[in-house]
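Protein chains: 4
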Amino acid sequence: MKKLKFALAGLGRIGKIHLDNLLQMNNVRVVAAMDPFEESQVYAKDKGVANVTSTFEDMLASTDIDVVVICSPTDTHADYVEIAAKKGKHVFCEKPLDLSLERVVEVLDLVEDTGIKLMIGFNRRFDKEFKKVKALVSQGAIGEHHLVKITSRDPGAPPVSYIEKSGGLFLDMTIHDFDIARFIVDKEVEEVYAKGAVLVDSVIGDVGDIDTAVITLTYTDGTMAIIDNSREAAYGYDQRVEVFGSKGMVKAENNLHDSHQLFTSQGSQRSLPLYFFLERYAEAYKTEMSDYIQSLENGTPVPANGNDGLQSLKIGLASIMSLQENRPVKLEEINQFQSIKMLK
Amino acid sequence: MKKLKFALAGLGRIGKIHLDNLLQMNNVRVVAAMDPFEESQVYAKDKGVANVTSTFEDMLASTDIDVVVICSPTDTHADYVEIAAKKGKHVFCEKPLDLSLERVVEVLDLVEDTGIKLMIGFNRRFDKEFKKVKALVSQGAIGEHHLVKITSRDPGAPPVSYIEKSGGLFLDMTIHDFDIARFIVDKEVEEVYAKGAVLVDSVIGDVGDIDTAVITLTYTDGTMAIIDNSREAAYGYDQRVEVFGSKGMVKAENNLHDSHQLFTSQGSQRSLPLYFFLERYAEAYKTEMSDYIQSLENGTPVPANGNDGLQSLKIGLASIMSLQENRPVKLEEINQFQSIKMLK
Amino acid sequence: MKKLKFALAGLGRIGKIHLDNLLQMNNVRVVAAMDPFEESQVYAKDKGVANVTSTFEDMLASTDIDVVVICSPTDTHADYVEIAAKKGKHVFCEKPLDLSLERVVEVLDLVEDTGIKLMIGFNRRFDKEFKKVKALVSQGAIGEHHLVKITSRDPGAPPVSYIEKSGGLFLDMTIHDFDIARFIVDKEVEEVYAKGAVLVDSVIGDVGDIDTAVITLTYTDGTMAIIDNSREAAYGYDQRVEVFGSKGMVKAENNLHDSHQLFTSQGSQRSLPLYFFLERYAEAYKTEMSDYIQSLENGTPVPANGNDGLQSLKIGLASIMSLQENRPVKLEEINQFQSIKMLK
Amino acid sequence: MKKLKFALAGLGRIGKIHLDNLLQMNNVRVVAAMDPFEESQVYAKDKGVANVTSTFEDMLASTDIDVVVICSPTDTHADYVEIAAKKGKHVFCEKPLDLSLERVVEVLDLVEDTGIKLMIGFNRRFDKEFKKVKALVSQGAIGEHHLVKITSRDPGAPPVSYIEKSGGLFLDMTIHDFDIARFIVDKEVEEVYAKGAVLVDSVIGDVGDIDTAVITLTYTDGTMAIIDNSREAAYGYDQRVEVFGSKGMVKAENNLHDSHQLFTSQGSQRSLPLYFFLERYAEAYKTEMSDYIQSLENGTPVPANGNDGLQSLKIGLASIMSLQENRPVKLEEINQFQSIKMLK
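Residue numbers (our numbering), protein chains in the order written: chain A, 11 to 354; chain B, 11 to 354; chain C, 11 to 354; chain D, 11 to 354.
No lab work stands behind these hints: they were computed from the structure.
Be aware that a few hints might be false.
The list treats identical chains as interchangeable, and a pair is accepted whether it falls inside one copy or across any two copies.
[Stated by the list, open to error] Pairs of lysine-lysine residues, derived as DSBU-like cross-links and limited to a Cα-Cα distance of at most 35 angstroms, are as follows:
1. K105 - K197
2. K257 - K26
3. K340 - K13
4. K257 - K97
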């Protein structure tokens with residue numbers, strides 16, 4: 011079988027992970043990479059990538075390419091996807107496509123016109139824990155679904171400079187949970203009520219964001235989901251999900267460093283959760299990419315498409331509006347909603 | 011030491027539990043009991059209770075009494091507490107005092123005037139799991155508190171005839187969770203947002219109630235609590251709590267029938283949670299009563315007083331209003347709120 | 011139904027537990043008790059026992075008695091059982107009947123002649139954990155049984171004065187595990203290999219005993235059991251069992267104080283096991299007695315009879331011989347074995 | 011830094027794992043490989059190995075080599091190690107070096123003379139669970155060590171043809187547990203008592219082996235270890251360890267497929283252990299090799315040397331003798347013991 015030729019745009023932390031994972035796969039070749047920084051260019055060259063450039067356009071021009079993986083800063087995503095799509099390249103793009111709903115719709119329209127396969131990097135969908143829960147739910151193990159509960163807490167807040175660009179908690183962090191809320195029970199969200207506070211660090215409040223949140227989602231069939239978030243869990247990355255239904259309940263727990271149990275006169279001690287997403291989702295990043303490749307090879311739908319990105323963005327924007335106005339917000343209100351960027 | 015003389019009004023399921031527990035305590039005597047039904051009267055006589063009557067007034071007149079335990083139907087609570095308080099008897103009353111806020115305030119005013127010690131039967135406060143979590147939280151084990159999560163699901167819905175009188179899910183079931191939300195972090199609630207649905211049994215909807223709910227509480231300091239309820243958890247009584255804070259998280263799990271773990275080629279199996287409140291809170295009922303007795307003997311405050319009942323009722327009424335109007339409701343709005351009884 | 015009339019000989023720690031449990035049962039009456047110490051006599055009188063004496067003979071003569079519960083020191087057991095049996099009283103006797111195999115056989119012969127119902131107080135058989143494991147094993151949940159693993163560690167060593175009289179670790183502590191090894195898979199032991207050491211306290215070695223042991227039992231069908239013991243587990247009473255078979259494995263874990271889980275940057279903490287047998291087996295003591303009463307009322311076999319005591323004693327004696335001679339010992343060798351008392 | 015040049019002898023299941031792991035390491039190059047089978051040769055060529063041969067001698071002659079990894083059949087190990095050592099190559103050899111004690115001593119003498127670094131593939135030493143337990147034990151977390159408990163059960167028996175060559179259960183399977191028993195508490199074994207049976211498959215008994223075993227090890231300081239083995243655990247690969255000491259106990263549990271918990275009216279279900287060593291020890295194989303490479307680069311001792319192989323073999327031979335003669339066997343008896351190969 012002909013090997014798919016991959017190019018990577020952006021070799022930051024996530025870009026390097028995708029590069030390393032792609033290099034271990036037998037059915038693809040990484041033929042090009044781009045990054046403005048020399049350190050990243052050297053990294054790619056050392057790994058044997060033949061064409062390494064400092065601009066996206068140069069990379070596309072450097073050799074024959076089938077698929078582009080976009081891991082560059084968020085504000086380049088939409089442009090890069092457009093350029094690649096117009097040249098007929100398939101695109102794997104880290105989330106989000108863009109923080110502006112209008113721009114996202116524009117890009118998705120173009121993607122549809124070109125017929126390329128766009129995959130959005132919702133890595134948690136490929137985590138064995140979430141997959142197992144979804145599998146049990148869809149097999150009917152818990153009957154009809156009534157409630158989803160998602161706990162998602164980071165081990166520490168990002169720098170404020172990041173938050174100012176990211177769109178804030180709902181758009182850079184909760185957006186993953188919004189996606190899982192849709193994914194895990196295969197339902198669409200109709201209404202959002204978000205409540206939040208600045209409890210971790212007042213600097214986060216100063217830039218108009220919150221660091222602690224509770225969000226109630228109502229699906230179109232009237233069932234509900236609850237998400238709780240914190241930017242700082244002292245004990246590590248807390249990623250749990252629970253689905254309750256008419257015939258039972260299924261949940262997935264955190265992945266711990268190891269299974270040891272120590273018992274002394276002082277108490278019984280176990281390990282903490284894996285520190286952050288790089289550790290917790292290391293395998294998920296591999297599966298995500300190999301599942302995407304499989305969908306390219308087999309002509310089957312990608313496991314996380316542009317609409318998935320769009321819906322999560324809408325829920326995020328509705329959450330921002332809900333928090334600002336302290337009222338439940340319908341997703342349909344978001345269509346006319348233009349300029350939400352942050353909370354203030 | 012002089013033994014306190016107890017009388018019990020109402021010998022249904024809970025009344026019998028209190029009677030049996032009191033009979034095992036060395037520092038009290040059960041001197042009287044009342045119940046309109048002969049079966050219950052026989053039960054008390056067989057246990058050696060000397061004065062057994064069919065009316066509350068007859069019971070109070072039958073002998074010298076220090077303390078009255080009220081386990082009769084809800085609509086008698088307020089009247090019985092008043093009668094007993096006027097005669098200077100201390101009162102242990104099962105929750106709720108009444109479904110009408112106005113009536114509760116009236117009774118509590120009288121209680122205050124008489125100086126008797128009124129205890130409300132919030133049994134969960136005495137469960138070893140909730141007590142342990144509260145103790146760790148108050149010792150600062152998790153630092154400043156940010157989030158409370160309470161899961162409270164019954165194994166099966168009560169008959170609709172009960173629901174019609176009870177005030178509905180928020181007032182007969184969630185009211186315990188409202189109390190735990192206040193108790194576990196020692197904070198007052200300021201605002202409520204409730205979302206609910208009829209997912210278990212449409213008959214419950216027909217009488218104007220819901221059977222599944224998600225409630226977001228905001229405390230006066232801006233921190234939050236989430237409660238999720240269902241009238242029917244197929245796997246038994248689900249009673250969990252989690253408190254998240256600046257330095258960590260503490261949670262308490264369900265109590266299982268036993269600790270066995272069975273591993274076969276089919277999977278790994280464990281026991282389910284204890285079936286319902288009689289099993290789960292058997293020890294809590296004992297501790298509740300002995301703690302009350304201790305507060306009577308030592309002249310210390312009762313561990314769950316009239317105001318605790320009042321606050322939980324207010325949160326319940328605010329939840330009803332929130333659900334009806336689909337908006338967050340401040341507790342202060344409830345003061346002028348007159349006639350909420352059910353959802354329709 | 012006529013209520014069975016009970017008398018208790020010996021009101022030490024265990025005797026008081028049995029007395030309190032009997033007093034809570036509706037179908038029996040405690041009519042007499044004996045103990046040489048005044049404190050214990052007062053305890054019984056305070057609980058309403060009508061006839062309280064200081065000798066066994068006086069107690070038997072004091073009133074009409076159906077059943078005698080023997081909780082006096084071990085060296086009185088055999089004599090008291092004989093006296094009671096000769097008078098036709100049923101007997102519940104704490105283990106062991108005696109440390110001398112000859113004497114035990116003598117007493118059991120008499121018991122058989124008189125036709126009374128003798129129950130030996132192997133309380134662990136009535137623990138919900140061990141019962142659940144046995145039930146699953148006997149239902150075939152793990153197929154044919156291959157291996158039993160018993161962990162049994164006390165939180166602290168008894169005084170040396172106790173050890174000198176008790177017969178040592180194998181006869182006062184492991185004897186419970188020998189019984190569980192027979193009970194849990196319903197098989198007889200054929201051979202024993204015991205290995206031990208003095209690791210906790212050298213004083214225990216000075217009186218000829220060990221404090222740490224590993225015992226391999228071989229059942230008559232060639233399958234095996236392993237027991238490990240320590241006199242001192244820093245983290246509390248460690249009582250676990252595991253049965254492995256052709257179709258799977260089942261195990262029971264320790265009972266913890268509560269189910270809390272605390273997560274901080276320092277690690278994840280849980281509660282320790284319940285401290286010792288009084289806490290862990292509180293419910294088992296009740297079930298043990300009510301099951302015995304039920305067998306008396308229904309004329310069914312007692313759930314732990316004289317032969318159960320005899321077999322465990324034999325395994326204990328074989329363990330002593332095995333340890334002394336550092337070789338596996340067949341149980342049949344024990345028939346000719348006369349005078350083992352301790353290890354030196 | 012100069013990259014170490016590796017050659018692999020034997021590209022069966024384990025050989026391929028080592029090859030793939032080496033190819034992902036930046037500080038080594040795989041320059042040669044050998045295997046008599048064409049499929050394996052093609053595998054190596056496809057992975058970019060330049061020199062692929064069908065004999066060990068040809069491989070050594072094909073290019074410049076620093077380190078040889080031996081994964082060929084057991085009966086070639088000793089010869090290959092000798093050839094490689096004489097040529098000054100470092101050697102990583104899968105266990106065991108040989109089933110004959112005499113031959114092992116011979117090879118180790120040669121290794122010592124040549125000064126090459128021989129590492130034995132005791133992969134479990136590199137498992138995060140066992141490492142964590144060892145780390146806690148060596149830090150004194152449980153005080154003085156009293157007891158080690160190792161549970162080691164395979165998901166299914168190997169073909170009888172394998173067993174006939176492998177030396178049987180004690181030499182092909184328990185040998186890993188013997189190594190862990192030494193490793194985890196850093197102590198030497200003095201005496202062995204082994205008990206076994208044929209309970210899984212009578213065919214195993216026909217070739218003179220057992221499939222179920224219980225082994226008691228006594229360390230030179232009088233403390234003890236217990237190992238239990240089965241060739242067939244219906245629920246998967248069961249690999250647990252527990253160490254008990256004067257100040258506490260530490261244990262490591264099985265690694266499960268995922269952390270899901272499903273609760274229905276039928277019970278509560280979790281995932282089973284990872285199926286077998288390839289899954290459970292996938293990470294350990296990587297760490298094992300990178301730790302070996304580190305010791306080569308830094309000139310530090312290898313983490314599992316020839317003596318570790320020798321000691322485990324001795325314990326295995328003592329176990330065979332113990333089982334045959336049904337008595338405890340001292341390790342010092344094994345020096346004169348010549349011809350044990352299997353149990354019959």
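Within, between, both or neither: how does the pair K105, K197 come out at a Cα-Cα threshold of 35 angstroms?
Within. Shortest intra-copy distance 20 angstroms satisfies the 35 angstroms Cα cut-off; inter-copy 39 angstroms does not.
Within, between, both or neither: how does the pair K340, K13 come out at a Cα-Cα threshold of 35 angstroms?
neither (45 angstroms within a copy, 61 angstroms between copies)
Is it within, between, both or neither when you check K257 against K97 at 35 angstroms Cα-Cα?
Neither. Shortest intra-copy (50 angstroms) and inter-copy (51 angstroms) distances fail the 35 angstroms Cα cut-off.
Under a CA distance limit of 35 angstroms, which applies to K257 and K26: within one copy, between copies, both, or neither?
between (43 angstroms within a copy, 33 angstroms between copies)
Checked against the numbered hints listed earlier, the structure breaks hints 3 and 4; every other hint is satisfied.
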